[in-house]
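For the sequence shown, the residue numbers in our numbering are 971 to 1098.
Quick caveat, the hints were computed from the structure, so don't treat them as lab data.
Given the structure is predicted, the values throughout are model-derived calculations rather than measurements.
Here a beta-carbon is modelled for each residue, glycine too, at the ideal position from N, C-alpha and C.
Capping the alpha-carbon separation at 35 Å, the derived lysine-lysine pairs in DSBU-like fashion look like this: (1) K1000 <-> K1087; (2) K1022 <-> K1000; (3) K1024 <-> K1000; (4) K1022 <-> K1087; (5) K1092 <-> K1022; (6) K1087 <-> K971; (7) K971 <-> K1022; (8) K971 <-> K1000; (9) K1087 <-> K1024; (10) K1092 <-> K1024; (11) K971 <-> K1092; (12) K1092 <-> K1000; (13) K971 <-> K1024.
Cβ-Cβ distance ranges computed for the label pairs, FRET-style: (14) C973 <-> F1061: 32 to 42 Å; (15) E1091 <-> F1061: 30 to 40 Å; (16) Q1088 <-> G1023: 25 to 35 Å; (17) D1028 <-> Q1088: 27 to 37 Å; (18) P1041 <-> S1068: 13 to 23 Å; (19) R1019 <-> Q1095: 17 to 27 Å; (20) D972 <-> V1064: 27 to 37 Å; (21) C973 <-> E1074: 31 to 41 Å; (22) T974 <-> S1068: 24 to 34 Å.
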Amino acid sequence: KDCTPSAVVDTAHNGTDIGICYNAPYYYAKDCIASGVSPNANASIANPRIVKGKTCEDMGYDHWPAFYADPFYGFENNVSLFVHAGLMAVFEWVHFSSVLASCEPCLSSLLLEGWGKQWREKNPQCAR
971 KDCTPSAVVD TAHNGTDIGI CYNAPYYYAK DCIASGVSPN ANASIANPRI
1021 VKGKTCEDMG YDHWPAFYAD PFYGFENNVS LFVHAGLMAV FEWVHFSSVL
1071 ASCEPCLSSL LLEGWGKQWR EKNPQCAR
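Construct all of the structure, not just a fragment, from the sequences and the given hints.
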């Protein structure tokens, strides 16, 4: 597996780009986030692009507020979420939360399926 640190960003400029960036090992970014397999990433990133060898922090995303080791993806997979730096960061987190709250597959996988546990079981490439 290619574990090169990588970032998944949204290249869309159609109103759905909320400034979210996912940090993940390259194989995980490719197979589980940018591929559209994850309901959370699918809802929050309209046009994913993987930047291999760069992290969200390298690309200027804010260190705080950030969501380190998102348990939806499993702590061991080292997937973290970031937003653009600056005063708008808090608003971007609020917007991201509202996107997930309005996404039925996202809510189901979070609240009814063990915060992503069943999703990882259904997608073994994303389990580890």
